[in-house]
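Student: Chains as they are written, first to last, in numbering that gives the first Met the number 0: chain A, 0 to 271; chain B, 0 to 332; chain C, 0 to 442; chain D, 0 to 191; chain E, 0 to 201.
Possibly wrong hints are sitting among the right ones.
No more than 20 Å apart at the CA atoms, straight line, and that leaves these computed lysine-lysine pairs for PhoX-like [to be verified]:
hint, chain 1, residue 1, chain 2, residue 2
1, A, Lys179, C, Lys440
2, E, Lys199, B, Lys65
3, B, Lys170, D, Lys187
4, A, Lys246, A, Lys266
5, A, Lys258, A, Lys111
6, C, Lys284, C, Lys117
Computed spacing ranges between beta-carbons, pair by pair [stated by the list, open to error]:
hint, chain 1, residue 1, chain 2, residue 2, range
7, A, Phe3, D, Leu5, 36 to 44 Å
8, A, Gly19, C, Met409, 53 to 61 Å
9, E, Gln90, D, Met42, 35 to 43 Å
10, B, Arg319, C, Lys440, 56 to 64 Å
11, E, Phe60, A, Lys266, 56 to 64 Å
12, C, Met409, A, Asn220, 43 to 51 Å
13, D, Met42, A, Phe3, 39 to 47 Å
14, C, Asp87, A, Lys86, 51 to 59 Å
15, A, Ala169, C, Phe397, 26 to 34 Å
Selected chain C positions facing chain A (Cβ under 7 Å, derived; list incomplete) [as the list claims (entries may be wrong)]:
hint, residue
16, Asn96
17, Val97
18, Val340
19, Arg363
20, Tyr366
21, Asn367
22, Pro426
23, Gln429
24, Lys432
25, Leu433
None of these hints come from the bench; they were simulated from the model. Ideal placement from N, C-alpha and C gives every residue a C-beta, glycine not left out.
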Amino acid sequence: MLKFVLLSTLSVGGLGLLFGGLLAYAAKKLAVAVDERVHDVEKTLAGLNCGICGYAGCSTYAKAIVEEKAAVNLCAPGGKNTVEKIKQVLNLTGDHSRESVVARVRCQGDNKTVNKLIDYKGIVSCSAVSQVGGDKACSYGCMGYGDCENACLFDAIHIQENGLPLVDEAKCTGCGLCVKACPRNIIEMAPQSAYFFIRCVSKDFGPVVSRVCKKGCIGCNICAKVNNFEGIKMEDNLPVVDYASFKGDGTGAEKCPTKVIEFVESKFLARK
Amino acid sequence: MLKTSISPHIHSPQNIEYAMRNVLIAMVPALLASVYFFGVRALWLEIISILTAILAETLMQLLLRKPVTVSDGSAAITGLLVAFNMPPNIPFYVPVVATALGIIVVKQLFGGLGHNIFNPALVGRVFVMFAWLPEMTTWNVPLHPDWIRHFNLFHINLDSITSATPLAVNKLQGMSALVSQFGSKTQLYLQSFLGNTGGCIGETSELAILIGAFYLFSRKVIWPTVPFVYIITVAVLTALMGQDPLFHILSGGLFLGAFFMATDYVTTPMTLSGSLVYAVGLGLLTVILRLKSGLPEGVSFSILLMNGLTPLIDKLIRVRTYGKQSKRGRDHE
Amino acid sequence: MKHIKIRTRTFLQGGIHPPENKSVTYEHSIENLPLPKKAIIPLSQHLGKPALPVVKKGDTVSEGQLIGKKDGNYSSHVHSSITGKVTDIGPYYTASNVKSNCIVIQLEGEIKRMNADKPDWSNLSREQILQRISEAGVVGMGGAAFPTDVKLNVPSDKKVDFFIVNGAECEPYLTCDYRLMMEKPEEIVEGIQIIKKLLNVKKVFFGVELNKRPALEHIAEHLREKDNIELIALKVKYPQGGEKQLIKAILNKEVPSGGLPFDVGAVVSNVATINAVRDAVLFQKPVIERVVTVTGRIVKNPGNYKIRIGTPLSDVIADTGLTEEPAKIILGGPMMGPSVVSLDTPVTKGTSGILFLSEKEEKRVRYNAYRSCIHCAKCLMVCPVSLNPCMLSLQGEFETYDQMTRYDIMDCIECGCCNYVCPSFRPIVQFIKLGKSFLKKKG
Amino acid sequence: MEHYLLIIISAALINNFVLSQFLGLCPFIGVSKKMDSAMGMGMALIFVLTLSSIIVYLLDTYLLVRLHLEFLRTTTFILVIAALVQLVEMIIQKVSPGLYHALGIYLPLITTNCAVLGVALLNVSEMNNLLESAMNGFGAGLGFVIALLIMSGIRERMEFSRIPESFKGAPIAFIVAGILSLIFLCFKGFAV
Amino acid sequence: MSRWNELTKGIIKENPIFFIMLGLCPTLAVSTKVIYGIGMGIAATFVLIGSNIFISLIRNFIPDKIRIPCYIVVIATFVTIVDYILNAYVQPLHKALGIYIPLIVVNCIILGRAEAYAGQNTVLNSILDAIGMGIGFTLAITLIALIREILGSGTITLQMLGYGWVWEVPVKPMTIMVLPPGALLTIGILMGIINHFKQKEK
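With the hints as extra help, turn the sequences into a complete structure.
Tutor: Right, dumping it as C-alpha cells:
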C-alpha cells in the first residue's frame, strides 16, 4: 500500500517537477517582451483561457483591450470585479485635468417652426437625407433623424417629440462623437461654464431665414453690437461667440429679435 | 410638395412579390401531380402546411414587433415545399411541426426573409425526419388513377400499399430488382419521369417539376445554371461509380431539390463561379450520400450542407472588379 | 452608309435595359427657349474648385461677360448668360442639392448679336486652342462637368492613341445629344477635327447606340474618308455612355482602378462638349447656353430646348407647361440625375435634361419601404464594374463602412443598375454614396 | 490504410467532436466570430490534438499502465496537456513570430478545451494503438476545423442580419450549431 | 454582502450556464434523461465544493504564477474521487455519463470559481459560493434534461438503481430531441427566451 502511495506521489510529483522545470526554463529562455499594461490587464482577467470573450485566450484579449480598445466587459468568468479592475488599471475612470465640455445643439427649428419642404424617400438618417439636400425648408438646421442619438455611447442625447435633439448634460462626457456624426455641424462642444449660446447655424440672409424659420438668426448683429464685439463677432451672417473671452451679460439675449440666444443666468452668476 | 430621393428614379417592375408569386405558380404543376398520384390527402397536406407557414410567420412577426409580410408569399412557398417533401401517408402533425420549426426557428429567429442561412423547409423536413423516422420512411405506391371518379374532398385516408422508394430498392436489392418490378428499363425511366413511383408527394413527377422550372426560366426568376450543373454532376458521378445515371437523376428528390430548393435566392452563392462550385458540391455530396451513407437519399442534406458552406463560398470566390489587377481585391489589407 | 464600315459592339459584363422613353422628344428639333427674367448662375458648375466672383452686387453685365474666374487649374470660368444687373451674390440651391454661391442677374438692356463669320482655326497653336477652350469655360456636358481644358491637356508623359466621341446617350428619356447629332453633324465633325489636332491622335472612334440609328446614318454622310473617324454602332445597353464602359465597349480595354482614360491611351468626350469646344475655338463663344431635353409624360410641350445657363426651373416650367403637378423633378436622366428640392434650381452646364415625373410614375420607386436583401445576386449580374452591390448595401445598412473598401467601393460608378433591378427596393446607390463620403471623411 | 481513413472520417464527420459530442463547445462559440481566427484556432487545434494524442498514449502505456496507476489518468493527462501546450506556445513564439500570430495565440485556448482531454480519454478507453490514437486526434481536429470554418462563415454573414435582440450572440450561435449538427447526422452509417 | 447573497447569486442571477455560459459541454451531452442531469449536477457540485474549500485553504501558499496548474491538480483529484465513487456505487450513472465525468476537470465553472472566487475569499464564503453555483448548475442542466426528455422520449425519469419513479408523458416522442441537435436547439432557444426576459427587466 505504502509503495502504491509512494509510486503515485512520485509519478505525479515527478511529472510536475519535470514540466515545471521545463516551463520555468522555457519562460526564462524564450521570454518575449510584452507591454507592461497588457501584462497588468491580463492579471486582472480570470486567466482561464476559455475563449468566451471571442479572443484567443486571456493575453490576446488583454492586448486587444490595451491596443484595439476592445470592450472591457467581455470576461464572463471574471464578472463585474474584473471590469472594475481593468478600468483601474487603464485609468478609465475619468480624467479631470482640463475643463470638461458638453454638447450643445445650435438649432431651434423644431417640426412646428420649420416646415418640411420636400417628401424624402430613402435611408432614414441625417447623413443620408443631407445627400439630397435635406427635407426641411431650412437648409442649415436640424433634420431630426437622430444620427447624433445613434452615435452617442452614453445615452446622453435624444431626439425629442418636436424633432430636436436634447442633451442630457449629466450624462454627456464631451467625447464629441455627436459632433462628428452631425452632417450639418449643428452640435458644438462648449465649455461647461459657458452661458451664452447662439442657437442657429444658418448662413442665409435675414429675409431667407425669416421666411423658413421664425426662430432663426437673421444676422442683425445686435448681440455683437451690444457687447461691443468683445468675444463676439459676425461671420457669414452669424454671430460667433468665443467662450473663453466673452464677458458680456444677458442684454444681447434680451435684445435678440428672434430669441436665438440662450442665456444661462445661473452659470453666468456662478462665473462671476 | 416635391418628392426627392437618390437616383435612380425608375425601377424594374420585378420585385420580391413578383418572384415569389412566380415560384408559387411554377409549383402548381407539381402540386397537381401530387394530388393526381396520391389523392386528396396530398392536397390536404399541402393546404395544412401552407396555412401553418402563414400562421407561424404572422405570429412570429407580431411577436417580434416587425411588419407582417406574409403577403409576399415566401412563407407559403416554405409551407408548400415542406408538404412536397412529405411521404403521402404522413400524420398531419408532422408537416405542421416541420413548417412551424422552419418558419419560426430557421427563418424568423435569423431575421426573416433574406437573413436565413439555411432553407427553412429543408431544415424542417430533416428535423421531423429524425424525430419520427418510422413515419417519415413509410412510402406508398401511387393511387390507381380511378380514384378521381370517386372524388371526395374529405376522403383523407390513403389506403394504398406501402412500398420502398426506387432509390431504397436500388440501394438494398440492386438495379435488377427494380427493373423486374417495373417490367423493363424503359418503363422504369418513363414511370419515374412521370411520377408514378413511390416517394415524397411533390418530388416524384419530374415532368411536372420541369414544366414549372421552365416557366421560371422564361420569367427570368431563376437561372438554369445551378440546377443543370447539379443534375449533370450527379449523372456523371453516378456513371463513374458504375450506377445507372439516368435512373439516378430521375428518381428521388433531385429535380425538386435542384429546381426549387437549390435555386433559392437567399441560401445560395451570389457569384456565377461561386454557384458553379455550389452546384458541383451539391452533386458530389448527393452521390456520396446516396451511394455511401446509411440513407437512400441525400438531396436535402446536400443542399443544407452547401447552404452552410455558402457564406464561405461567397467570401472566398470573388469576381475581379473592373480595372483591378487581381481577383482578391483588397481583402487582406 | 457608303464607304463607312460600321461595327456593332458593346461591353459584356452587366448593364440593364430600362424602358427608353426617348420617343417623347425623339422627333422634336432644337428650339430656343425665351430668355429668363432672372438668371441664377452658380459659381460651381464643374468638378473642382468653385469659380471666384469678379463682379459685385449692383454691377451691370452683358451677355457672355466673365463673372466668375477660375480658381486654380481644376476649375472653370463662369460667364453671364444674359445682359442685366447683378442683384445678389449668395447661397442658392443648385443641382447638387446643396446651397452654394450663385450670382443672380436680373434681365435688363439690349442684347448684342454675335458675328457669324466662320474664321479659320487651322493656324492656331495647341496652346491657343486650349486657352480658348479654357476661357470659354467649357466643361463636360454629359453630366460629370469635368473642365474640358484640363481633360484635353494630356500630360506629356502620357500617350494618347484614340479619341472617342461619346454619342451613346444611354440614359432613358434624354435626346439632346441625338438632336445635336441630327442637326449639327458638320459642327460636331469640325469639333472633332479640332480636338484631333489638339491631342495629336490618329484614330477617332464615334460611338452611337443603335436606338439612334438615324443619327448614325446622318453622321456617316458627313464623314470623309481622310477624317479617319470610325463610326461604331453600339448595342443598346445602359450605362454605355459611361466613360469606362464606352472604352470597354469600343477598345475592349479597362481603365485601371483610380486611373483616368488616358492611362489606356484614350480620351472620351461627349458630342455636346465637342460642339461647345468648336464654338469656343472658332468664335470664342463662352458656354452660356446648352441644349436640354425637357421631357416627361406630364410636360405639355416636351422637346429639346436651347436654354440659357442659370435659367431657374420655374421659368422652364412656365414656358413648356405641365399637365399636372409634378411629383419629382430630375436634372439629367432618371438613372443618375439628382432630383431637385427647389424650383429655383438653375440649369447649369452639366444639365442634359429636365425630367418631370408624375405622382404615378414616382410611386413605383419605394425606397422608403425597402426590405431586407434577399441575396438574389441580380445586382451582381448587372453591375458594369463587377462589384458586389449586395454586400455594399448590407454594410451600409449595418454601418460597417470601414469594411466597404474590401469590396472596392471606390470603384463604383454610381450608375444605379443594381438599384434598378433590386427586388427589395434597396437604395443601394445611396448606401454606397454614404459609404464613400464616410470613407473620404476618414481619409 | 482504409482502417485509418475510417478513423479519421469517423472522428471528423460522423462523430464530429463539437457537433455530436459537444467537446470544445466554449471556444467553438467564442472563436467562431471571425473566419481568420477560426482558421488559426483550427490549425492550432489539429496540431495540438495530434501531438497530445501521441504523448498521452506514450505516457499511458509506458508509465501509468506499467505502474498500475490508472486512477491517475485524469490528473496526469491534464497536467501533461497543459504543460505541453504552454511549451509549444513558448517555442513557437520564440522561433517564428509569424506563425505565432497565425496559430500560436490560439494555443492558450486549447489547454482548457475539453476536446483535447476528451480525445486522450477516448483513445485510452477505446484502447487505440499509437497510430490509431494519432489518427483519432488528427481526425478530431479536422472535424473541429470543418465545423469552425462553416460556423465562422455563417456568423460573419449573420453580422448583417436582423436577428431579434435577445437571440443575438450565443443563442443564435447555438441554434446554428444545432442545425449544423442536424445536417451532420446524415453521415451516420457512413461506409467507405 | 450578506452570506445569503453569496449562496443565492449562483442560482439565478449569475447562473453559470444561462448567464455566464460556462460548462456547456456536459450540460448538453448528458441531459438526455432528467436523472442524468441531476447526477451530473451533483457530481459537479461535489467537485466544486471540494475544490473550492481546498483552494481557499491553500490560496495563500500558492505562488501566483503557477496557480492555474495547481488548481487543476486539485480539481483533478476531486474528479477522480467522484469518478471512482460513482463507479463503485452508482454504476449505471457512471456508465451513462461516461467520459464526461473526467471532463469535469476542464469544466470552466469549476476552474472559473476557483480562480475568480475561491482563490481570493475565505473558506466559508467559498463553500457558500460553491453550493450556490452547484445548485444553479444542477437546476439548469435538469431543466434542459426535462425538456429534452419529455419531448424526446415522452418520459420523466427520476429513477436510479431501482429507486424512484418514471412518469409517462402523453406526447409523441421526437427522437431528435435526445440526439445532439436537439440539445443544441433547446439550449439556443432557452437562452434566447431567458435573454428576452432579462432584457425586459432592464
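Student: Are any of the numbered hints broken by this structure? If so, which, sorted upward?
Tutor: Structure breaks hints 10, 19.
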